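Turn these sequences into a full structure, and let the hints guide you.
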Amino acid sequence: MSYRDVFGEILADHYESPRNFGKIDHPTKVEQGYNPLCGDQVAVSVLVKDAESACPMIDQCSFEGEGCSICLASASMMTELVKGHSREEALQLIEAFRQKMQGAENVPGLPSDTSEEDLVALYGIRRFPVRIKCALLAWTTLKKALDA
Amino acid sequence: MNEIVRKDFPNLERVIDGKKLCYLDNASTSQRPKKVVDATIKYYTQMNANVHRGVYHLSQEATDAFESVRGKIERFIGASSEREIIFTKGTTESINLIASSYGEHHINKGDVIAVTRMEHHANFVPWQQLAKRKGARFEIIELTSDLRLDPKEVDRVLALRPKIVAVSLLSNVTGVVNPISSLAARFKMVGSVVVVDAAQGIAHGEVTIERLGPIDFLAFSSHKLCGPTGVGILWGREALLEKMPPYQVGGNMISHVGDFDSEWNELPHKFEAGTPDIAGVIGFGAAIDYIETQGRVRIESYEAKITEYVLDELKNVPGVRLLGPAEVHHRAPIFSVAIEGVHAHDLATFLDMQGISVRAGHHCAHPLMMKLGLPATCRASFSFYNNMEEAAIFIQALKDSQVFFARKVKPTPITQAQGKRGIV
Ligand SMILES: Cc1ncc(COP(=O)(O)O)c(C=O)c1O
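As you go down the protein sequences, you meet chains U and Y in turn.
First residue of the first sequence? That's 1 in this note's numbering, and the numbers climb one at a time after it.
First residue of the second sequence? That's 1001 in this note's numbering, and the numbers climb one at a time after it.
Among the hints, erroneous ones may be present.
Okay, the calculated bits of chain U under chain Y, using three or more residues with CB under 8 angstroms as the criterion [as the list claims (entries may be wrong)]:
1) 39-51
2) 92-98
Okay, the calculated beta carbon distance ranges per label pair [said to hold, decoys possible]:
3) Y:ALA1406 x U:ARG126: 39 to 47 angstroms
4) Y:LYS1315 x U:VAL30: 53 to 61 angstroms
5) Y:LEU1160 x U:ALA51: 49 to 57 angstroms
6) U:ASP5 x Y:LYS1315: 23 to 31 angstroms
7) U:ASP147 x Y:HIS1366: 24 to 32 angstroms
8) U:ARG4 x Y:LYS1371: 48 to 56 angstroms
9) U:ASP5 x Y:GLN1396: 37 to 45 angstroms
10) U:HIS85 x Y:ALA1406: 30 to 38 angstroms
11) U:VAL30 x Y:ASN1050: 54 to 62 angstroms
12) Y:ARG1014 x U:ASP5: 21 to 29 angstroms
13) Y:THR1293 x U:SER115: 22 to 30 angstroms
Just so you know, these hints were derived from the structure itself, not from any lab.
All figures in this text were calculated on a predicted structure; none of them were measured in a lab.
Ideal placement from N, C-alpha and C gives every residue a C-beta, glycine not left out.
Put into structure tokens, the structure is as follows:
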């Protein structure tokens, strides 16, 4: 039995090769996220274009940090997903993902369970209730960065 | 000893997802033998009444059952009187009681309060906050590289003549056993009040006041010693307790309440405001009986065998870092491990998939974990009802985890094109 057998290729791949891992130049905001229960720690950076306009856009998003495989793979997927979206869309996505992970079904605005999007691989983490907060850490951190 | 013993613990029979439960989180809370559960049920079904209140028969029965546990605890730890045994809701409350009642009235600006680097938050934060409130100096006795108390640090802090020194008998993170009697003797010489957190220690050996030396306060919880949750003990020297003001005020702890002032009940009731966890205390009494039947010396020597086995086997698991000393005589069967490249949470989930319950995290010991630069470890903690087979299952799972988590990390640069990939 391997990690891939249980958690799937997609999660393993994002854990092994996290996307957008590192710093971005001249970020608009860097927010720290910390899970005091398990010590997971991520820093999420965003570069927001047209920040003063009616529709600010996320130009770049990256993360750094230490954490378990679920925390890091989730952060990696998130940075891929929000890039190129408006701030508003990103906030909606974050909220939708939070609801999904906390048990809601058929959440609008999220890939469906049968979709081929990477994010679907994280839905399986709902089987491990204590790990849901690992999957949410980067997302709540990005929300803080965008809210501020 | 334990094939017979295991039958006393119904929960050990549990099968989860087709795997036999292998409960290795005893440092968090122990399992409870049926006798303990029966004793609490018996209280609720056959004598249910409040204590120290009624003049009727049932209340007297409940009071007798409740108070008889005080005597059991007194004998269990070798206290000099039942007046020294105070029921609390756990170690945390016991220590808060000392910090609030004794600390608030005896600590002044500039005094020194000392703890050690290995303390659980329960024996760290109350002292840190007391020091902060009073403008006292808060000192931390640092550890050696194998995470035992550093003798040089003990000397340094002794020279500061702390008013209070708070130290655990046994670390819940590393399993290190501290030499309390010699520490207490030395700190007494400089006038310190010595507080011992025996939350873990109480479950792993014959803990008596005599063996602990000239200590002043001792705190422990029922739920780590096979008893119910919600019950703890504070033992204190009568002369000190006598002089201390109440911790909480209200029912049971008063002798007279006037319109504008009140007088306090005598020890130990002065510190027991309100209706206690009667069923819990009675269950704790059954737990003490149970432990005495097994024999604490017997438990200790059996556990030493488990410790020796695990220490030996861990040497053959590459990539595993064990926190704390590798010699059996310095430690209890509590093993915190960190595996190179595997996060403690991932490891704990992997172990859980094999039915092995361990704790992953910082174990309520931030000051130690931060010093070690470790966000989290996985901790397996054994009890006398665990068997060698379980120890072997744990070791094998650690070995298997390395195959399970084998990976090649190849971070992709941020600038890389973000193509979408399908499911493999
Ligand atoms: C060393 C130590 N001290 C104190 C405590 C706190 O005990 P309780 O939660 O029962 O109050 C614990 C519990 O984990 C402990 O291990």
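Cross-check of the supplied hints:
1. With a threshold of 8 angstroms between beta carbons, the proposed coverage of the region 39-51 of chain U by chain Y holds, since 3 of its residues qualify and at least three are required.
2. Counting residues of the region 92-98 of chain U whose CB falls under 8 angstroms from any CB of chain Y gives 0; the rule of at least 3 is not met.
3. Separated by about 26 angstroms at the C-beta atoms, ALA1406 of chain Y and ARG126 of chain U break the suggested range of 39 to 47 angstroms.
4. Taking 53 to 61 angstroms as the suggested C-beta distance range, the pair LYS1315 of chain Y and VAL30 of chain U does not conform, at roughly 43 angstroms.
5. At roughly 54 angstroms, the beta-carbon separation of LEU1160 of chain Y and ALA51 of chain U lies within the given 49 to 57 angstroms, and the hint holds.
6. Restraint check, ASP5 of chain U to LYS1315 of chain Y: a C-beta distance of roughly 29 angstroms satisfies the suggested window 23 to 31 angstroms.
7. As the Cβ distance of ASP147 of chain U to HIS1366 of chain Y is approximately 27 angstroms, the hint placing it in 24 to 32 angstroms holds.
8. Checked against the hint of 48 to 56 angstroms, the pair ARG4 of chain U and LYS1371 of chain Y fails, with Cβ atoms roughly 36 angstroms apart.
9. Look at ASP5 of chain U against GLN1396 of chain Y: about 18 angstroms separates their beta carbons, and that is not inside 37 to 45 angstroms.
10. Judged by the Cβ atoms, the range 30 to 38 angstroms given for HIS85 of chain U and ALA1406 of chain Y holds: they are separated by roughly 35 angstroms.
11. VAL30 of chain U and ASN1050 of chain Y have their C-beta atoms about 57 angstroms apart, which keeps the hinted 54 to 62 angstroms range intact.
12. With their beta carbons about 25 angstroms apart, ARG1014 of chain Y and ASP5 of chain U fall inside the hinted range of 21 to 29 angstroms.
13. The beta-carbon spacing between THR1293 of chain Y and SER115 of chain U, approximately 60 angstroms, falls outside the hinted interval of 22 to 30 angstroms.
Hint violations for this structure: numbers 2, 3, 4, 8, 9, 13, all remaining hints satisfied.
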